[in-house]
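*Asks:* What follows is each chain in one-letter form.
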Amino acid sequence: MAEYWDIKVEDIFNSMQERFRPDGAKDVDAVFGYDILDEGKWKLTVKNNEMKLSKTDDLSGCISTMKADGETFVGVNTGKVDATNAFMSGKVKVEGDMGAFGKTGKLFRKYIIAKKEMTVKEYLADMFATIVPRFKAKEAEGLDAAFAFDLGGPQGGKWTVFIKDKVCTVTTEIEGSPTVTLEFNDAKDYVDFILGKIDAQSILAAGKAAAKGDINMMASKWPILFEKYKDPMGGNVQEQELLVLKKTIAVNQKFSTGPIMGKFLKGLKDKKIYANKCPKCGRLQLPPREVCAECRVRAADFLEVGPKGEVRYMDVVFYAMPDPLTGVARETPYGSINILLDGCKGNETLPHFIRKDQIEKIKSGWNEKKGTRVRPVWEENRIGDIWDIKYFEIDE
Amino acid sequence: MAHKKNRNVGIIGIGQTKHSSHREDVNQPELIHEAVSLALKDANLTMKDIDCVVHGNMELFEMVHSPDLWHVLGTGAYGKDCIRITTGGTVGATLSCASDNLTASGMYDIVMAIGFEKLQEGHTTGGITNMADPLWFRKIQAGALTGSSAYDVEREFGLERANRASLTYRIIMDKHAGLNPNAHRAFGLDFNQIDDLIRTSPKLVGELKLIEMCSQSDGACCVIFACEKKAKEISKTPVWIRDHITVHKEETFSIFGYNREFPVMKTHKFAAEQLFKRNGIKDPLNYFDVFEMYDPASWWAIDWLRDFFDLKGDEHLKLIENKEIMIGGKLPINPSGGVIGSNPIGATALIRVAEAAMQVRGNAGPHQIPTPVNHALASGFGGTMWTVMTMLEKELNW
Amino acid sequence: MTDQFQGIEPMVYKSKINVPYSWWAGDTASKFYLTLRDEKKITATKCVACNKVFLPPRKVCPSCFTENTQWVNVSDEGTLITFTIARRQFAAIPSDRKVPVIWGLIKLDGADTAMLHYLDEIKPESVTIGMRVKAVFSEGRKGNIRDISHFKPVSRV
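Chains as they are written, first to last, in this note's numbering: chain A, 25 to 420; chain B, 3 to 400; chain C, 502 to 658.
Read the hints as simulated data drawn from the structure, not as lab findings.
There could be a bad hint or two in this list.
[Unchecked claim] For lysine to any residue, the following SDA-like pairs were computed, each having C-alpha atoms within a straight-line distance of at most 20 Å: (1) B:LYS268 x A:GLY85; (2) C:LYS515 x A:LEU349; (3) A:LYS160 x B:GLY190; (4) B:LYS177 x B:GLU156.
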């Protein structure tokens with residue numbers, strides 16, 4: 025079984041029981057599948073605040089199944105790979121009920137990688153092993169140089185980094201006559217220097233290190249030739265706690281409608297839909313506006329339109345956005361429709377919602393092709409509000 | 003008639019933060035300070051040289067009102083003239099227009115524009131919905147999400163071609179973002195993932211999929227403008243603002259008739275036509291060397307290409323399908339990765355101007371277009387259908 | 502207004518905004534609050550260019566525009582610069598503070614800027630500008646400005 029960051033896919037599954045949070049499993053009653061490429065399939069059953077995991081070949085009966093390769097799966101579970109990015113870029117796929125799968129996020133505590141100390145020897149091996157992948161060839165245009173490292177102490181060693189024809193090679197000895205040689209009495213200081221724990225000035229000033237040859241080449245070229253070394257231990261620095269203030273702002277508001285919108289809203293109370301007409305261009309505005317925005321003249325003539333009409337366009341909304349008035353997420357999917365009410369023409373459409381169970385039957389219009397005919401369903405108690413129409417439904 | 007100016011104005015300093023989904027380590031003014039410091043360093047100026055600060059974002063995204071007061075800690079506007087602007091998604095572009103106007107008028111010699119947003123601090127879609135007419139549309143709108151552009155393209159060219167064009171555009175943007183060290187999202191997508199992404203990326207609204215929608219970022223951008231005399235003294239490579247145009251449309255959403263007998267006024271098309279006409283540009287597709295377009299989603303982007311350049315038939319789709327909009331292509335679009343790559347809304351449209359100017363200067367970094375960039379175009383988009391366009395030039399010779 | 506609006510009544514329409522927000526303090530303010538919470542110490546940042554000490558701490562000196570990298574401890578005692586008194590229980594006053602509520606601008610010893618906070622354990626009529634005050638820390642501290650409960654007069658010895 026392959027390991028990623030020293031962790032096997034099995035490790036993640038085997039630790040699920042001990043990472044399980046009964047708190048996060050409240051109201052979850054489902055079977056989830058995991059299909060990890062080349063590693064196997066697992067079935068997770070969550071019921072009555074308890075979980076059961078089994079390795080299986082049969083993922084039938086799962087409400088949703090996550091598919092990923094081993095590296096991504098381990099990465100996402102350990103925080104090495106950003107879960108959102110992995111999902112967006114298709115490295116993690118969820119088949120079945122996406123919303124249900126979202127609940128698995130709260131089921132487990134995070135898998136924590138047991139941190140071990142890296143020795144100076146291991147650090148040096150890693151630093152020089154990553155030299156070639158960190159090499160930025162385009163910065164090496166016309167450069168022909170050899171950088172030698174003579175790092176002393178019990179864990180030290182010797183390396184030479186050659187750069188020629190925009191190619192970088194590394195040997196584990198000092199060969200030929202290097203352009204510049206960096207000598208450290210103790211290799212540990214070099215490791216600390218690269219990790220940013222001590223600065224070059226203080227090492228040089230203390231006589232713990234010396235550079236021979238073209239020092240300028242080392243100082244000016246080396247930092248731009250290579251990507252910065254990334255500490256595989258993540259620096260082991262404790263991250264500072266960052267504070268946040270969370271608040272839902274809820275403000276009650278009152279708006280004056282003015283006479284034109286007032287007429288429209290009052291009309292709804294009487295089960296009437298009013299548009300107004302521009303005396304110049306003749307177009308209707310729905311809801312009515314005091315002036316025609318295109319002709320900039322007062323539009324005073326009201327006209328009752330609809331209440332039936334045809335759907336010109338429907339947006340099926342899957343994204344559960346919060347209702348800005350209540351803060352509560354809308355139930356999805358819902359159909360947001362633009363209706364051309366009888367008596368209107370062209371783009372004089374009114375936006376509203378379609379009856380939930382009829383989304384799939386709605387056909388949008390296009391040029392001369394008519395869309396599905398719909399009619400409003402009125403509220404019993406109307407108050408002069410766009411929701412005095414509960415929704416539109418198919419007019420059969 | 004071209005834009006009348008008392009004097010020419012050049013961009014002499016640009017600073018941007020790395021755009022990201024998590025800048026918990028800095029508060030709002032601290033984030034702004036990062037961009038301002040970088041712009042000052044870029045122009046080799048100090049805050050003492052700045053005559054006026056133009057500050058902009060959208061209050062409802064962070065719900066801090068008159069944020070220019072608190073932000074003084076980061077903007078450097080302490081004891082200076084400071085003007086605040088909010089115009090929706092276009093705010094960044096309007097900051098640039100205002101700075102240009104303030105400088106061209108002779109009022110100030112050096113003006114600094116700062117666009118900012120920390121979208122993680124609020125709820126973007128919930129916030130946007132609060133811009134709608136509260137008397138009725140607030141209750142219906144779903145933020146800036148709609149599948150209508152997808153419906154448009156799909157009707158005309160069929161679902162398969164439309165979907166593939168949208169994903170091709172999306173992946174080109176991802177490849178560009180991968181080159182831009184400041185970009186928020188760069189997934190490392192490749193063209194062989196198109197079919198897979200069409201199938202698996204969750205749908206938001208209609209055919210608009212999660213992968214196709216812009217990001218929600220924390221970030222700030224700062225651009226310094228100077229009059230011709232100062233610009234030439236201070237900068238070796240000032241980028242000249244040739245012209246800019248703003249076109250608004252009424253707020254109502256009466257655009258969904260879908261009937262060829264009743265064409266809808268499209269502000270992008272309208273603005274582009276006027277801008278190019280008054281500057282005597284007959285073939286904009288050939289004239290411009292780069293276009294930084296405000297692309298909130300790949301569907302809108304592919305549809306708008308046609309509007310901006312007055313393309314006929316399926317020319318706009320061919321530009322995408324043949325990858326002519328990639329760095330190295332006929333007209334590279336968004337070498338920065340665009341709005342799909344990074345979107346701190348109040349800064350987003352200013353980043354378009356900034357990135358276009360960086361291309362003209364020739365020092366954009368890894369996402370620099372290899373061929374010379376002499377003429378650049380930037381666009382902003384906001385509200386229901388508002389357009390701001392800005393033309394940048396390398397030489398003062400128009 | 503012409504007669505076209507006759508018989509049309511403008512209405513008042515009730516609406517609401519309800520949106521969640523989360524504001525990040527950033528590393529500088531976080532450090533200040535955490536020291537307050539965990540160590541009951543008041544810390545401030547210092548501008549290395551003009552030597553001004555900012556409380557509450559600012560990451561950037563607004564006049565020099567340089568980053569304040571130096572942290573200093575300031576005293577929990579200071580001088581009252583000015584004050585004001587609320588005698589009505591406004592909605593904006595936290596429910597655990599009862600009128601009369603006294604706010605003071607307090608310049609702590611070692612700081613160059615004054616900080617707004619509550620004054621308590623003193624009658625409104627006894628408050629004087631220039632008086633010496635001392636911070637009283639809250640019991641259950643949560644990492645916000647109210648980890649200091651209030652300032653009280655320094656008792657004369």
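*Asks:* Give a verdict on every hint.
*Replies:* Results of checking the hints against the structure:
no.	hint	result
1	B:LYS268 x A:GLY85	violated (50 Å)
2	C:LYS515 x A:LEU349	holds (10 Å)
3	A:LYS160 x B:GLY190	holds (19 Å)
4	B:LYS177 x B:GLU156	violated (25 Å)
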